[in-house]
Amino acid sequence: MKLHALRRDIVCREAVELVTDYLEGALSPRDTRRFEVHLEACDGCEEYVRQVRATIRILGVVQPEDLAPETRQGLLELYRQFREG
Amino acid sequence: MSDDDLVRRLRSGDESAFIEVVDAYHPSMVRLAQAFVSSWAVAEEVTQDTWVAVLKGINRFEGRSSLKTWIFRILANRARSTGVREQRTTPVNVSDETSVDRRRFDAGGAWSVPPSHWSDEIIDRLSSGPLVDRVRAAISDLPESQRAVVTLRDLDGLSSKEVCDVLQISEANQRVLLHRGRSRIRARFEDELAKQ
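Going down the list, the sequences are from chains C and S. Just so you know, we're using the working numbering here: the first sequence kicks off at 1 and counts up by one. Just so you know, we're using the working numbering here: the second sequence kicks off at 1001 and counts up by one.
Excised from the complex, chain C in its bound form (with noise of 0.2 Å):
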């Protein structure tokens, strides 16, 4: 969302809308400073943008399956294939 178009300060409902921008560092410096100024005076806002910091941890935690012996096995037999084919 482009917000140097507004003059105004951020709202809540704009605020939750700028928060990967805001985490990704892909805001202009002011309207980083915007964003901070909100969520320093914004109790709302502060754990909203805490619960997506949480999200992303919880989501860093999960494991792809591992991989099955079997599997391996066949991608062995595979490559042996494919090397004498």
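Honestly, the hints are just simulated from the structure, not real lab data. Since the model is a prediction, treat every value here as computed from it, not as a measurement. Think of the CB as a built atom: it goes at the ideal place given N, C-alpha and C, for glycine as much as any other residue. There may be inaccurate statements among the hints.
Said to hold, decoys possible - DEER-style ranges, computed between Cβ atoms:
1. W1040/S - T32/C: 39 to 45 Å
2. P69/C - S1127/S: 24 to 30 Å
3. R80/C - T1098/S: 49 to 55 Å
4. E24/C - D1101/S: 22 to 28 Å
5. W1040/S - A41/C: 44 to 50 Å
6. E24/C - D1023/S: 16 to 22 Å
Start from chain C and add chain S according to the hints.
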């Protein structure tokens, strides 16, 4: 092990190099493929086909991206076209999607129903099995491109540049998909916590 060494060993037919890349990437590749195709079995099949494509194409690898990104891009392309063939891909109109239900804000745009505080509590439960299962379910319910971006960024820890390279999307598009995906998952945690 640097990419250069790995690529040289793969080209010379060194079996241990193949095992090394399979061990390192196969599980994450199957997980990414699942964003596009109908089942785990199809995802596994697409990933196996990708390995054959990697072996056939390794001589053409130019090192403009990392070996990992190159392999994942081949996988994403194949999984996407398989998903299209399966007619799984239903275009979802998400352009009006908001991170938070509009009714939670008053006319001026301030919270009328602000978030309750649970960010600390949920972190305390990070290691619990049931939480991780619910996260998996939440991810699998995301629309496919959001799921692919969230999987690569937040589950596999790729950089935004790598994700753009793998999925061949712009940085801006990547951020939008990441934002929508993370927002949906946050909202789902909120709903589930409210039910408890």
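Status of each hint after checking the structure:
1. For W1040/S paired with T32/C, a C-beta distance near 41 Å keeps the hint of 39 to 45 Å intact.
2. Restraint check, P69/C to S1127/S: a C-beta distance of roughly 26 Å satisfies the suggested window 24 to 30 Å.
3. Distance hint check: the CB atoms of R80/C and T1098/S are about 53 Å apart, consistent with the given range 49 to 55 Å.
4. Distance hint check: the CB atoms of E24/C and D1101/S are about 24 Å apart, consistent with the given range 22 to 28 Å.
5. Here the CB-CB span from W1040/S to A41/C is close to 47 Å, well matched to the stated 44 to 50 Å.
6. In this structure the supplied range 16 to 22 Å is violated for E24/C paired with D1023/S, their Cβ-Cβ distance being about 31 Å.
The structure fails hint 6 only (numbered hints given earlier).
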